[in-house]
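Fit chain B to the given chain A structure using the hints.
Protein chains: 2
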Amino acid sequence: MNSNLQKAYDELLAKSKELTILQSTTAIVNWDMETKMPPKALNLRSQQMALLELISHKMLTDPQVGKTLEGIEKAPGYTEFDTVQKRNVYLARKAYDEATKLPESLVFDTAKQQTIAVGVWKKAKAAKDYKMFKPELKKMIELRQKAADILMGVKGTKTPYDALLDDFESKMTADKITKVFDEMRVGLIDVMKRVEKSGYKPDKSILSRPVPINVQKKISDAAMDYIGYDTKSPNAGGRLDETEHPFTTGYYDDVRITTHYHEGRWVSSLYSVMHEGGHALYDQNLPQAWMYQPIGSASSYGIHESQSRFIENMVGRSPEFLSYMLPRLKKIVGKPLRGVKFADFFAAVNVVEPSKIRIEADEVTYGLHIIIRFEMERDIFAGRLTVEELPQAWNEKYDKYLGVEIENDGEGVMQDTHWASGYYGYFPSYALGNIYGGMFLKKLKKDDPTWKKELKKGNFQPVKNWMIENVHSKGNLYDPADLVKEVTGETLKVKPFISYLEKKFGKIYGF
Amino acid sequence: MNSNLQKAYDELLAKSKELTILQSTTAIVNWDMETKMPPKALNLRSQQMALLELISHKMLTDPQVGKTLEGIEKAPGYTEFDTVQKRNVYLARKAYDEATKLPESLVFDTAKQQTIAVGVWKKAKAAKDYKMFKPELKKMIELRQKAADILMGVKGTKTPYDALLDDFESKMTADKITKVFDEMRVGLIDVMKRVEKSGYKPDKSILSRPVPINVQKKISDAAMDYIGYDTKSPNAGGRLDETEHPFTTGYYDDVRITTHYHEGRWVSSLYSVMHEGGHALYDQNLPQAWMYQPIGSASSYGIHESQSRFIENMVGRSPEFLSYMLPRLKKIVGKPLRGVKFADFFAAVNVVEPSKIRIEADEVTYGLHIIIRFEMERDIFAGRLTVEELPQAWNEKYDKYLGVEIENDGEGVMQDTHWASGYYGYFPSYALGNIYGGMFLKKLKKDDPTWKKELKKGNFQPVKNWMIENVHSKGNLYDPADLVKEVTGETLKVKPFISYLEKKFGKIYGF
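As they're listed, the protein sequences go chains A and B. For the first sequence, numbering that gives the first Met the number 0 begins at 0 and goes up steadily by one. For the second sequence, numbering that gives the first Met the number 0 begins at 0 and goes up steadily by one.
Okay, chain A solo, but in the shape it has when bound (with noise of 0.2 Å):
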């Protein structure tokens, strides 16, 4: 490389470390927001995190960003850029590009907007009132349609949703994922029926019996334990905190997760440590050399989902990690557990049930929810589906693959924040995160047969280290259909997700 060209990239590293540490800063402000700030800062804090967004957003939309990166491009010297080094000047060309081309007013109306459609979301849902809602979510919809049409331009993709898609799934388009979601809605609802003719009704009341908070903090603990993520030594990297929707946030070396605690709900706090443990072993496992840098970051929200899905249902919910756990769960909350044999317990966190709200899903009905979401989101940006036939459609739907009656907007279609903050395009990676990990979970098992059996030892090692070594190492150096696709050598397929979905529950429910 010239020292031109050199000096050109190094200037580039130079500002994208800039903003990841500005970043990284944001996280922290508003990690501090959701679990420790004193209620009367709030005011203060929005100032706060609004100026943090203004800095962040200056800095993206840098013009001497642009002449760095155009520079680079030009170089007759960049076409022998490595892949690492082609890989960076792309995601901050991305970068770059969608910053600059939304109009600033655009994105101050959209976040005025987000404010206010929140604010009236948690009232109308309350109130299960969705024309009190809808001219808010309306308004929300024409904001990111605009954005779309825009979007669509800079990221060259075929239609305005894919562009948004792309926001969360680079590269994923309405196309793909609708003949993924096909075939993944007819494998949920084969799995599901079959569960449903069983006729087994596992006994759930043992999940429900009070243990105190102070004694669940100890699974969490024994939970971290369990898949490494250090919270307690010298050298930790991470702690856990209380917040009513648990999440995952920060940095490499700083990356915090939280839970939340319920006397009769007491697995729930169990299952959340392990999937945002989840998230956070990827945070934490990106590659040292890339730290500050473009590619050093997830490949992408599936991707992240993946991860902490494996963690939480493939391995949290498998046999072998109960086998190991329950002896020990026995010891710590005494009472409540006494005399429950293995394979009630088992069944218990295993229950599959269709219901009416998401985040309350089994591992078999989750995807429907989601598939419902998707559908209708596509079809809204389609032009095909209007603001005042949601309801109406979502209801449908939910009659129709969950089999299911919604009997009021509120748990229907106002359940989730995330239209209302103007995330279109989001919901689909939740669901492609159990594709994906259904894929990784095929190669884990070709890579090391002997993974579950370490499981049950409570050696969580080879399923980390090949996590680590396949996905996490990889940080966001592949868009995520190509880190699967380098990761198993096959495209994106459902068939490995269904497959373990029918084994699993086939056991368990007899089939």
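Hints were generated in silico from the structure; no laboratory data involved. Bear in mind the structure is a predicted one, so any value in this text is a computation, not a measurement. Any given hint might turn out to be false.
When chains are identical, the list treats them as one kind, so a pair holds in a single copy or across two.
[Unchecked claim] Listed below are the simulated BS3-like cross-link pairs for lysine-lysine, each with C-alpha atoms no more than 30 Å apart in a straight line:
1. LYS66 <-> LYS14
2. LYS111 <-> LYS6
3. LYS121 <-> LYS231
4. LYS122 <-> LYS231
5. LYS14 <-> LYS39
6. LYS503 <-> LYS452
7. LYS16 <-> LYS39
Structure of chain B alone, referenced to chain A:
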């Protein structure tokens, strides 16, 4: 005000608001570093802090601010500005000049040397090896000397050291401090000697009876309840956490304190909470109308210290507070306080005893520790004392003023971090806080003779209201000496503080 001038003034306030919001964000990130941050994050955090510092410095030195300031100051309408407006312009001008007149290289070198010197100081202190520390201290003093020489011009002070003092105590000079400290030294030594002569040695062992930390936390709650520092209501603007060295940080609606718990030193936390709570009440009760303006800040370090010391000592170590608190402490603490008589407890928390370590000193001898540091700083920057001579000078003064023999430089000249950090001119504020406190006390007694009776009933409100009305509500409208004049009608006087000590300790020690 004409519309151009109004526009310029609004612009100035907008810039000030942006800077203030950023600095309040930095305070939260710093708080996180001291209290919650996973240890592995240290390097990332130092980069985050450096970036915030850089952005803050850019805002502070923005040439547009200089132009706006000049426009305002030269406008004919400026003379018609009211006191608040003029003070805002004055404070903004002061901050701008001080920030822009120091070469960036000097600022950068000083920050770098600070990290180095503090690192070496820690090691040298542990090794009791002044020789190790000396070269770094020397460099640090030289850098601050350079800054002082420049700032002397900017601020128009008589000496370079006065320019450093001005950073902490606006318009205060070494001459003025020497005058009051000379008088204070005589007074303090006199009280100390009378205590010694009395022969009475209160039994301190009550205070070293082990009290479990979870019990001590209930004492913290009682102390916070007493002074009305709210960490628990739905509109709380504060919180309490733990750090080795207690501190207060934050802004208006988000002001947080920390304390430390040692099983065998259980009153330490009680008084840390009272002290930091005093700082916090000041910051929380600055005028709402001045939020985000230059004037919406504390008057000085010394005034801040007057608030914390007033609550820690004049309230917290008073017989009235203690007679209210002791029965409650007995309930909380149980056995360690069983059978303890009020007079013995009161005497135990008020033991006067010359010691080597500033942060462990009592109300009487504390000021002597400060005077020693002040005299040495003053003489260093006047060229009358060299870095080579520091340890000997230190030890001689400790012998002369306090009658204690320093055995090594770890417990001597290297005990504090301030000089390694380059904070010359900081120490005097601690003792000025006591002096201001004495003057406020005298005025409070006159304004509200019932205040002590109310303390005894558990009613802190009269003291708090007096402080809010007289000190907090005035924000940064006055330099500290002017504020004291405004409140008490008097110029700086040591007598009220010494009289307070004589009366209080005369009663305890019978002189």
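Exercise for the section: Check LYS121 against LYS231 for me: Cα-Cα at most 30 Å, and say if that holds within a copy, between copies, both or neither. Expected result: between (37 Å within a copy, 25 Å between copies)
Problem - Status of LYS452 relative to LYS503 across identical chains (alpha carbons, at most 30 Å) - result: Answer is within; shortest intra-copy Cα gap is 16 Å, inter-copy 74 Å.
Problem - Status of LYS14 relative to LYS66 across identical chains (alpha carbons, at most 30 Å) - result: Classified as both: same-chain Cα gap 12 Å, cross-chain 29 Å, threshold 30 Å.
Exercise for the section: State whether the alpha carbon distance between LYS16 and LYS39 is at most 30 Å within one copy, between copies, both, or neither. Expected result: between (33 Å within a copy, 19 Å between copies)
Practice task
Have a look at LYS122 and LYS231 and pick one of within, between, both or neither, based on CA distance no larger than 30 Å.
Solution key: between (40 Å within a copy, 26 Å between copies)
Exercise for the section: Measure nothing new, just compare the shortest in-copy and cross-copy C-alpha distances for LYS111 and LYS6 to 30 Å and report within, between, both or neither. Expected result: between (39 Å within a copy, 26 Å between copies)
Practice task
With 30 Å as the alpha-carbon cut-off, assign the pair LYS14 and LYS39 to within, between, both or neither.
Solution key: Between copies only: 24 Å across, 35 Å inside.
Every hint, counting from the list given before, is met by this structure.
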